[in-house]
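**Q** Protein chains in written order, with UniProt numbering: chain Z, 1 to 301; chain A, 1 to 301; chain U, 1 to 301; chain G, 1 to 301.
The hints are simulated quantities; they were obtained by calculation from the structure and are not laboratory data.
Everything numeric in this text was worked out from a predicted model, so none of it was measured.
Any given hint might turn out to be false.
For identical chains, the list gives no copy identity; a pair is met inside one copy or between any two copies.
[Stated by the list, open to error] Calculated lysine-lysine pairs in the DSS-like style (CA-CA distance at most 27 Å, straight line): (1) 249 to 163; (2) 93 to 249; (3) 70 to 234; (4) 70 to 93; (5) 234 to 69; (6) 93 to 163; (7) 69 to 249.
Now for the letters of each chain:
4 protein chains.
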Amino acid sequence: MGTVLSFDQYGKAENRVVRIYRDNPRHEIWDLNVSTALRGDFAAAHVEGDQRDVLPTDTQKNTAFVYAKKHGVTSPEDYAIAVGQRLIEASPKASGAQVRVEQYAWDRIDVDGAGHDHAFLRRGGAVRTTVVTLSGRNAEQLVRVVSGLRDLVLLKSTGSEFKGFLRDEYTTLQETDDRILATSLVARWRYAGTEVDWNSTYGAISASLLETFATTYSRALQETLYLMGAHVLKAHEEVAEIRFSAPNKHHFPVDLARFGLENSGEVFTATDRPYGLIEAAVTRDDAPEPGDAWLAVPSFL
Amino acid sequence: MGTVLSFDQYGKAENRVVRIYRDNPRHEIWDLNVSTALRGDFAAAHVEGDQRDVLPTDTQKNTAFVYAKKHGVTSPEDYAIAVGQRLIEASPKASGAQVRVEQYAWDRIDVDGAGHDHAFLRRGGAVRTTVVTLSGRNAEQLVRVVSGLRDLVLLKSTGSEFKGFLRDEYTTLQETDDRILATSLVARWRYAGTEVDWNSTYGAISASLLETFATTYSRALQETLYLMGAHVLKAHEEVAEIRFSAPNKHHFPVDLARFGLENSGEVFTATDRPYGLIEAAVTRDDAPEPGDAWLAVPSFL
Amino acid sequence: MGTVLSFDQYGKAENRVVRIYRDNPRHEIWDLNVSTALRGDFAAAHVEGDQRDVLPTDTQKNTAFVYAKKHGVTSPEDYAIAVGQRLIEASPKASGAQVRVEQYAWDRIDVDGAGHDHAFLRRGGAVRTTVVTLSGRNAEQLVRVVSGLRDLVLLKSTGSEFKGFLRDEYTTLQETDDRILATSLVARWRYAGTEVDWNSTYGAISASLLETFATTYSRALQETLYLMGAHVLKAHEEVAEIRFSAPNKHHFPVDLARFGLENSGEVFTATDRPYGLIEAAVTRDDAPEPGDAWLAVPSFL
Amino acid sequence: MGTVLSFDQYGKAENRVVRIYRDNPRHEIWDLNVSTALRGDFAAAHVEGDQRDVLPTDTQKNTAFVYAKKHGVTSPEDYAIAVGQRLIEASPKASGAQVRVEQYAWDRIDVDGAGHDHAFLRRGGAVRTTVVTLSGRNAEQLVRVVSGLRDLVLLKSTGSEFKGFLRDEYTTLQETDDRILATSLVARWRYAGTEVDWNSTYGAISASLLETFATTYSRALQETLYLMGAHVLKAHEEVAEIRFSAPNKHHFPVDLARFGLENSGEVFTATDRPYGLIEAAVTRDDAPEPGDAWLAVPSFL
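Starting from the given sequences, assemble the full structure and let the hints guide the process.
**A** This is the structure:
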């Protein structure tokens, strides 16, 4: 028997790249968390301790910052593709790269009803994400883009039920016609190609997820996720597939009858753990194969 | 020599109370994290293990939920005062109580340009806080209110300098005429009394903090904090004092000259640790004494 | 074009199950974080909102607690297998299940040189993990076990170099003959079967990882990981494969020459972000196929 | 009415100072998180934006690293005192300083039954802390030391009751003769002076806290805290006062009777929030006045 290095990747994670555009007094800010990784034939580094093919993670870090200036940032996706292409180009033994970007949103501070030129308030809430996976070199290079968001915290105070479920001898849950439904959504969608208006598509998909959540009746979080996914696929043919990881953040009604008070859906306790965890992928039936688009993507599957 | 129980308080921390108002189809949501504590003559519990004067923390929890219904929630401050008064009333040996509330903000989900009736998106960003300290019973009861916010993340991409500072043999910092100034602000202000429109005052003070940050030139974070405090005190005579804890979240310019590129305030790395930490209190010179208003208030002083 | 539910699983995550054995005065404690998920034909719940095949996540939670008593806990792996088998049995439409367990270690408190019978101190440090994936029903059921640990924080203050690496125009890193090497290791190993003495094997593999880290010279974290993996595979034929995710937790020497002091590997600053991230899998060349053993396993690949 | 700068301090927080002693092959490691702050007459910086008296936080950072070499680290307390004295000396307008240090413990990796010379495993669990507050200059300088620990997670699986408590109309808690008692202890003790063997005293007090927790019957967490404090004060006359902040980490027995199973203290669910929070200070009745020893000390009072 022998041992094989069956997979490896290496890079610099969580480079906190902040790019300010200040060509005119109205500044723009891109606040990014950038992680890069190279894949390929790096067995010599592992097995023989020979680093001659290893572009240091420190260099990958430098590249992330250099490209924020040299290439610039117009979207997380465009920037990530450029960084990934550069890393492969600089690393002869690399067969591929993965660049992950998270973007933190900032709003202009409101002064007298208008957004300030150079003072910003971090928005909080959902974080925009992208994972770009490149494989191959030069003309044969494939570029796969999985974009999404995380920490989109949603709640409906009615319009949600859960009943008619399977029961066994350990089932004690009561059926309910009306409950709070809340989640902290992670969604990732795979684009069919790269001819995409990244920013406007992100905005449209985010808005669609919110609107579907708000406007559809929920017979289970499962149904709500499927509807959210189906609506996105229907409206966006550039999207091949969408995946969700959705904790069911339980809000349990408090028993106030013990104290002579009625609680008709008014007082809840929000709990931390345990939580339901519903995961689902919805795919266009004519979607192109994912290849390595999801390889090493965190949080789901 | 003997030992003395020189201070004690006990209670239930982090009750996650969610109150939905659903009297009409347009629901309202108050999402609170409520911590209560009783103070007083509880030496018997500590020294003798005798619980006869101890209202259980479990009962304090029940009270927090009951009062969300019985008293209702119109503001964190009003609710906290009611809970605190009830706890003292139910606990004959209590000489005082402290009720801390954090409020998480939710926005209505936008559907066709209008906010939805019962579907919400958690805003993220700053959390509204209050710490209500009650001492004494009945007619002699004093109620002190310290409200504020935390995690208000602010950034200016210009309009900030730092120069002319003291130097010693360990000083290597370069002076700068133009830097990014960023912080994650904790602010707490003590009200002079309780005849306050809690919600509108919170809104006005929050807006003032933002506007001062945006519109004043900064020669140091110290100066900016002082200006923020002075502007609040000037506009709000109901505020006796305001305290700040402000990490200087450093954004260092990346040296791109090594790579033949100019970086004129365009590419920064945001660092986590260490960070400057600037703390300051600004007080009205005719402010009433704080008494125990700040006793056991976390995060500052 | 249509849409397909291409993957789904659902369950209850992070059940904090604490099992005390108290058959005699010398108590034993198993402190677990248990997450369960069912997979299978649950399209009706997603697409039609019909819950008739859905065993509630609340029931999965109850099952986790019931089995801590009814089946008992002798190891995370044995317990997880039992819970998974039960969940599939109770869910006719399930084709498989995944049960993830984390175990927090407790030491007996030392009193006069001996461990106390029923008073414990949480050890901190590494968390033992297992992910058990079951597929199929009854006689055809396959059980795959991936065990491991996370948050094993290791540091060598010498015996580590990094040099001879690839350089491009963005490379500024200096070569070093002597550096601190530190990581917070995540390791997961796939067992070839289930006839394993889970606890003693866990102990032996943990000890082997530590010993290899300590006793081998490191020409890169990549080499160290490979050695750790190879040593485990060599000594444990019951292990088919081992995977690592290892942040390179940088400790940079502080430039004290600016202050007339020499720093020969004595004073370092430990940084948070960015960090190198090295991931590798080492596999026995005659290992059985993994099947779905790694499907939806967090943290790596 | 005017506004007054009523308090201020500023410094560099969370410098991650790692000091390796390598004078012989058996290395030693001190892994510290160091926060410094200066107090004094810095109104010019706040009110006028004049930095001439402000020693930059960057210089404070440099000083923390320089002193790890120049002064060295033999204990958190000794090091913190030296750093504080230096900062006051370098800052003519400072009236005082506070230096906070946390120490992360590392064990030597065991190889063949012996601890390795230069390979370490981070212990996890409790973190040792100190807060040194200096006021005044030169001969009049007062040095006050508050040392302690945080995150000491303790659990007793029996030997704890809670009964005979006060009841009101919102009390639903059942009395119990036997429960799990668990906490994540924060303890801070104020030394009466500075003629202390810091390391051995820390070890003795830590051991005493554990032993008292283990060996005394608990009629409430309040009683246990008081006993822990009284035992420390009795054995350590160099300690003037000890304060505790102790969450009651609830472990609720799971109702298995619903499933025909008995649960006699065997299966529990550990909950996150809410939690009881018990805080107490025990003081020697002839203790010297604390002065500013507790000013701005986080976590309690």
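**Q** Can you name, in rising order, the numbers of the hints this structure does not satisfy?
**A** 3 and 5
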